[in-house]
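Note that this note's numbering has the sequence shown beginning at 334, numbered continuously upward.
It is possible that some hints are incorrect.
Capping the alpha-carbon separation at 25 Å, the derived lysine to any residue pairs in SDA-like fashion look like this [unchecked claim]:
1) K522 x V635
2) K428 x S381
3) K631 x T595
4) K631 x Y581
5) K631 x V533
6) K522 x P600
7) K618 x E383
8) K585 x L598
9) K631 x R616
10) K585 x R511
11) K522 x A410
12) K631 x Q596
13) K585 x E636
14) K428 x S380
15) K585 x T595
16) K428 x A471
17) K428 x R588
18) K618 x P600
19) K522 x Q615
20) K428 x D579
21) K428 x A407
22) K618 x S604
23) K618 x K428
24) K428 x G392
25) K631 x C460
26) K522 x S599
27) K618 x G514
28) K522 x R588
29) K394 x A410
30) K428 x R367
31) K631 x A471
Just so you know, these hints were derived from the structure itself, not from any lab. Predicted, not measured: the structure shown is a model, and the values here were computed from it.
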Amino acid sequence: MPSNQNPLGALPARFRRQRVLIVGCGDVGLRAARLLPTRVQVLALTSSAERAPEFRAAGIKPLLGNLDQPSSLARLAGLASRVIHLAPPPAQGQKDLRTQALMSTLRRRELPAALVYGSTSGVYGNCNGEWVSETRQANPQTPRAWRRVDAESGVRQLGRAGVRTSILRIPGIYAPDREGGTPRERLLKGTPVLVAEEDVFTNHIHADDLAHACVLALWRGRPQRVVNVSDDTDLRIGDYMDFAADLYGLPKPPRVTLAQATQALSPMQLSFMRESRRLDNQRMKLELRLRLAYPTVKQGLVEST
Numbered sequence: 334m335p336s337n338q339n340p341l342g343a344l345p346a347r348f349r350r351q352r353v354l355i356v357g358c359g360d361v362g363l364r365a366a367r368l369l370p371t372r373v374q375v376l377a378l379t380s381s382a383e384r385a386p387e388f389r390a391a392g393i394k395p396l397l398g399n400l401d402q403p404s405s406l407a408r409l410a411g412l413a414s415r416v417i418h419l420a421p422p423p424a425q426g427q428k429d430l431r432t433q434a435l436m437s438t439l440r441r442r443e444l445p446a447a448l449v450y451g452s453t454s455g456v457y458g459n460c461n462g463e464w465v466s467e468t469r470q471a472n473p474q475t476p477r478a479w480r481r482v483d484a485e486s487g488v489r490q491l492g493r494a495g496v497r498t499s500i501l502r503i504p505g506i507y508a509p510d511r512e513g514g515t516p517r518e519r520l521l522k523g524t525p526v527l528v529a530e531e532d533v534f535t536n537h538i539h540a541d542d543l544a545h546a547c548v549l550a551l552w553r554g555r556p557q558r559v560v561n562v563s564d565d566t567d568l569r570i571g572d573y574m575d576f577a578a579d580l581y582g583l584p585k586p587p588r589v590t591l592a593q594a595t596q597a598l599s600p601m602q603l604s605f606m607r608e609s610r611r612l613d614n615q616r617m618k619l620e621l622r623l624r625l626a627y628p629t630v631k632q633g634l635v636e637s638t
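From just these sequences and the hints, can you work out the full model?
Have a look at this one:
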């Protein structure tokens, strides 16, 4: 055993510099890392050694491990005082075994003070265009949403063990400097949208605002709290795509009925067209005290372009 390694594992938080662990450190995780105070040591779990230089360049200490291989996560136990969990569930099944593995690991030693989990607003299912607050019962209607509900359950169990957990329910993430972060590619492909009378409401959050919400929730989130992280946009998908087409100087997408869309779109694309809701974001504003840099998706696309 190396001489600098404690045989009892990670030291209690009071004996070390505060650490924040980011699990699932992709685009939003990197944005969140840049917002953290310089006094905080930032760690990131990665299954790819090739990403280590990228993390180090950003001032992040990489930790090799794989959520699909629970035995590789042992060093995470007791390591960080706060955790941001943004890793997606597996692509199959109704359980999120990755979150189960992470929660089990975190229980092995001193628990973190706070954990923020990035879930999805898809857990609400179709709400027929109604405004949806966090008190609304989850109604998942796709396997993808069921996996997120399972992950939320695991996070809540950790909360009952003494961790201050925050579950952020997140809609569509966009940003012009994010891969696939604008509707441009969809417009170039001519992907259809629904006719006005069948169209559904869509919800958005700029990647920078989402990263800010993750960081604020680490310190300001109320115990075992669900928070909708969404901007103030009140817009249907077709109108959003028409706006984007005008902004980019591209043709507006064709309009089709839902019946026609079933012949032209993938099951995942169709799932978004079958669910309509508008997210109430008052908890985000009042409890996290987040001031949106991009209050609407229109402002976000214009000001970031």
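We went through each hint and held it up to the structure:
no. : hint        : in the structure
1   : K522 x V635 : 21 Å, holds
2   : K428 x S381 : 24 Å, holds
3   : K631 x T595 : 28 Å, violated
4   : K631 x Y581 : 12 Å, holds
5   : K631 x V533 : 17 Å, holds
6   : K522 x P600 : 17 Å, holds
7   : K618 x E383 : 38 Å, violated
8   : K585 x L598 : 17 Å, holds
9   : K631 x R616 : 22 Å, holds
10  : K585 x R511 : 22 Å, holds
11  : K522 x A410 : 46 Å, violated
12  : K631 x Q596 : 30 Å, violated
13  : K585 x E636 : 21 Å, holds
14  : K428 x S380 : 21 Å, holds
15  : K585 x T595 : 20 Å, holds
16  : K428 x A471 : 16 Å, holds
17  : K428 x R588 : 36 Å, violated
18  : K618 x P600 : 34 Å, violated
19  : K522 x Q615 : 36 Å, violated
20  : K428 x D579 : 41 Å, violated
21  : K428 x A407 : 21 Å, holds
22  : K618 x S604 : 29 Å, violated
23  : K618 x K428 : 31 Å, violated
24  : K428 x G392 : 34 Å, violated
25  : K631 x C460 : 24 Å, holds
26  : K522 x S599 : 14 Å, holds
27  : K618 x G514 : 24 Å, holds
28  : K522 x R588 : 14 Å, holds
29  : K394 x A410 : 16 Å, holds
30  : K428 x R367 : 32 Å, violated
31  : K631 x A471 : 29 Å, violated
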